[in-house]
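Trainee: From first to last, the protein sequence lines are chains A and B. When the first sequence is numbered by this note's numbering, its final residue is 153 and no position is left out of the sequence of numbers. When the second sequence is numbered by this note's numbering, its final residue is 573 and no position is left out of the sequence of numbers.
Note that these hints are calculated values from the structure, not bench results. Careful, some of the hints might be misleading.
Quick list of the computed label-pair ranges, beta carbon to beta carbon [what the hints assert, rightly or not]:
1. B:V275 / A:N141: 51 to 57 Å
2. B:Y510 / A:A30: 24 to 30 Å
3. A:D74 / B:T384: 42 to 48 Å
4. A:R55 / B:R232: 39 to 45 Å
5. A:R55 / B:T249: 57 to 63 Å
6. B:R232 / A:A59: 41 to 47 Å
7. B:D434 / A:D74: 54 to 60 Å
8. A:P145 / B:V168: 52 to 58 Å
9. A:N141 / B:T509: 53 to 59 Å
Only some residues are given here: those of chain B computed to face chain A with a beta carbon under 7 Å [stated by the list, open to error]:
10. S356
11. L363
12. R364
13. Q371
14. A400
15. G432
Idealized CB from N, CA, C, for every residue including glycine.
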Amino acid sequence: MTRSQLILLVEDNPDDIELTIRAFAKSNIANQLIVTKDGEEALEYLFASGRYANRDPSAMPEVVLLDLKLPKLDGLEVLRRLRADERTRWLPVVILTSSNEEQDIVRGYDLGANSFVRKPVDFTQFTTAAQQLGLYWLVLNERPPAGPGGPRL
Amino acid sequence: MTPTTSSATRSNAQVTPDFRLLFETAPGLYLVLATDLTIVAVSDAYLRATMTTRKDIIGRGLFEVFPDNPDDPGASGVRNLKASLDRVRQHGMSDTMGVQKYDIRRPESEGGEFEERFWSPVNSPVFGPDGQMMYIIHRVEDVTEFIRLKQLGSEREQATEELRVKAGQMEAEVYSRAQEVSEANRRLSQVNEELESFSYSVSHDLRAPLRAIDGFSQALLEDQSDRLDDTGRDYLQRVCRAAERMAQLIDDLLQLSRVGRADLLRCPTNLSDIARAVGADLRHRDSGHVIELDIHEGLVVNADPRLMKVVLDNLLGNAWKFTANTARPTVRFGVESRDEGPVYFVRDNGAGFDMTYAGRLFRPFQRLHSEAEFAGTGIGLATVRRVIDRHGGRVWAEGAVGQGATVYFTIPPAATESPA
Numbered sequence: 001m002t003r004s005q006l007i008l009l010v011e012d013n014p015d016d017i018e019l020t021i022r023a024f025a026k027s028n029i030a031n032q033l034i035v036t037k038d039g040e041e042a043l044e045y046l047f048a049s050g051r052y053a054n055r056d057p058s059a060m061p062e063v064v065l066l067d068l069k070l071p072k073l074d075g076l077e078v079l080r081r082l083r084a085d086e087r088t089r090w091l092p093v094v095i096l097t098s099s100n101e102e103q104d105i106v107r108g109y110d111l112g113a114n115s116f117v118r119k120p121v122d123f124t125q126f127t128t129a130a131q132q133l134g135l136y137w138l139v140l141n142e143r144p145p146a147g148p149g150g151p152r153l
Numbered sequence: 154m155t156p157t158t159s160s161a162t163r164s165n166a167q168v169t170p171d172f173r174l175l176f177e178t179a180p181g182l183y184l185v186l187a188t189d190l191t192i193v194a195v196s197d198a199y200l201r202a203t204m205t206t207r208k209d210i211i212g213r214g215l216f217e218v219f220p221d222n223p224d225d226p227g228a229s230g231v232r233n234l235k236a237s238l239d240r241v242r243q244h245g246m247s248d249t250m251g252v253q254k255y256d257i258r259r260p261e262s263e264g265g266e267f268e269e270r271f272w273s274p275v276n277s278p279v280f281g282p283d284g285q286m287m288y289i290i291h292r293v294e295d296v297t298e299f300i301r302l303k304q305l306g307s308e309r310e311q312a313t314e315e316l317r318v319k320a321g322q323m324e325a326e327v328y329s330r331a332q333e334v335s336e337a338n339r340r341l342s343q344v345n346e347e348l349e350s351f352s353y354s355v356s357h358d359l360r361a362p363l364r365a366i367d368g369f370s371q372a373l374l375e376d377q378s379d380r381l382d383d384t385g386r387d388y389l390q391r392v393c394r395a396a397e398r399m400a401q402l403i404d405d406l407l408q409l410s411r412v413g414r415a416d417l418l419r420c421p422t423n424l425s426d427i428a429r430a431v432g433a434d435l436r437h438r439d440s441g442h443v444i445e446l447d448i449h450e451g452l453v454v455n456a457d458p459r460l461m462k463v464v465l466d467n468l469l470g471n472a473w474k475f476t477a478n479t480a481r482p483t484v485r486f487g488v489e490s491r492d493e494g495p496v497y498f499v500r501d502n503g504a505g506f507d508m509t510y511a512g513r514l515f516r517p518f519q520r521l522h523s524e525a526e527f528a529g530t531g532i533g534l535a536t537v538r539r540v541i542d543r544h545g546g547r548v549w550a551e552g553a554v555g556q557g558a559t560v561y562f563t564i565p566p567a568a569t570e571s572p573a
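Chain A extracted, bound-state conformation (with noise of 0.2 Å):
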């Protein structure tokens, strides 16, 4: 299976979203930047179902990058639904927000998360932690198998 290349940017805030998306252009991988607005839209996004109904579901994102603090469904309660379904199950999540606060870490990691990002305030630290996370995701890391939740173990 090909990779998909595609980034899913989860974030409801427009400052952030214009900021990520400027970020990744430096690197230029913005085009490869899908947003979603809240929970609900990453669910509907990821499952295919919803505003979401034409996607084709086998192309999944190479990572999520997720934000906690999210209106409707919160950044936690998405990770905890992306780890409970077998399509998703082992797709890369990482949390991408401003907190640094111990629970939400220790939460995020109980959760599954891949890795925890805090965004620096310093845009010219957060071109080089968005750079860095595409060639992460992008290029360096080998997918899980691919199929819808890969291999039983």
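Got chain A; can you put chain B on it based on the hints?
Mentor: Coordinates of chain B only, in the frame set by chain A:
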């Protein structure tokens, strides 16, 4: 040899005591609850005191068996007991309640009315081998007689009416004080919870707008640079620096608040190892600033390692910062033996400070240098003091302008925690 059998029986009973029998007949008033507050075991004494029977209450919910007296509009038994049990479940620690009025219903056969009772309860968690909470032991003493004697006056006390009244008032006062302490405790934990969610919200929500201020200013600098003159670019750079400085302030304030709230988990902590790791981190971050770092090996204290890391982060970080303009910068972490015990210190040969202001150093936002000379938020040493305070130790500083500074601190071996 006739006694063989009986001695065998005796030793059997000694090897495997009948714990159920022992528990149920123990003289104390014990009720054992599952974590969902179902009654799972009870001592005979408790059954007698509450006019219940084992078969009627085992397997039932605590508050189903013991509801509030519907005829007492001020009944607070269910609410206060539930709050105490919630605290036990939440924090995994024993919770002692103040003297509590909690009326008991007579059995149906005796009319089923409520009888006034006063109790002194303690609720304690019981953990299984896997560390999970399995039960809560609810131990009570029936202090009804005691309270009633004081309230109504016993025969003996009637001899001196005045004394009786006084004693009654005092007892009522003790009772209401205990209630007040319980209530104050409840409010305090509520305030703590609010503070927690406030800090959480600060850490999350205050940073997002700062990111936008910094990010879009940078974007303007990059995209519109040719349309801006030098002053315009300078202004935008100032906006960025101010946003970053405010982000640093938020982080430092959060750390100050966290070290006050965090649980103090003491264990043998090697300060020398922590100092070496902090030094390596500082070298990595600021490789242009070459410093001689001299660490006394093997300094072990009984302290919280995470909080001590915060202390050494701040003290060594300061030493690093204030030696930036020093010719041969040297930083020492060591110990001096004094009458009061070991005194640890971080000493540098940097910018130093005027001893006139030594007392101000440890207050939040107090800075003795301008932002242009040395960057900083003025919260670091306040954070250090809070950590050392919580360990029951002392912290102070000595120095002179241009001749370096030394910050001293003590960590008493088994001091009790002072309130944060």
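Trainee: Confirm or reject each hint.
Mentor: Here is how each hint holds up against the structure:
Separated by about 54 Å at the C-beta atoms, B:V275 and A:N141 satisfy the suggested range of 51 to 57 Å. Taking the beta carbon of each, B:Y510 and A:A30 are about 52 Å apart, not inside 24 to 30 Å as hinted. At roughly 44 Å, the beta carbons of A:D74 and B:T384 sit within the given window of 42 to 48 Å. The beta-carbon spacing between A:R55 and B:R232, approximately 52 Å, falls outside the hinted interval of 39 to 45 Å.
Between A:R55 and B:T249 the C-beta distance comes to about 59 Å, which sits within the given range of 57 to 63 Å. The hint said 41 to 47 Å for the Cβ distance between B:R232 and A:A59, and at roughly 55 Å that hint is violated. The supplied range of 54 to 60 Å is broken by B:D434 and A:D74, whose beta-carbon atoms lie about 33 Å from each other. Taken as a hint, the range 52 to 58 Å holds for the pair A:P145 and B:V168, whose Cβ atoms sit roughly 57 Å apart.
Between A:N141 and B:T509 the CB atoms are about 58 Å apart, so this pair conforms to the stated range of 53 to 59 Å. Here the hint on B:S356 is kept, as its CB sits about 5 Å from the closest CB of chain A, short of 7 Å. For B:L363, the interface hint holds, the least distance from its beta-carbon to any beta-carbon of chain A being 5 Å, beneath 7 Å. The interface hint given for B:R364 holds, since its Cβ lies 5 Å from the closest Cβ of chain A, which is under the 7 Å cut-off.
About 4 Å separates the beta-carbon of B:Q371 from the nearest beta-carbon of chain A, less than 7 Å, and the hint is met. For B:A400, the shortest C-beta to C-beta distance to chain A is roughly 4 Å, which falls under 7 Å, so the interface hint holds. With 7 Å as the threshold, the beta carbon of B:G432 stays out of range of chain A, its nearest partner Cβ sitting at about 23 Å, so the hint is violated.
Consistency note: the structure conflicts with the earlier hints numbered 2, 4, 6, 7, 15.
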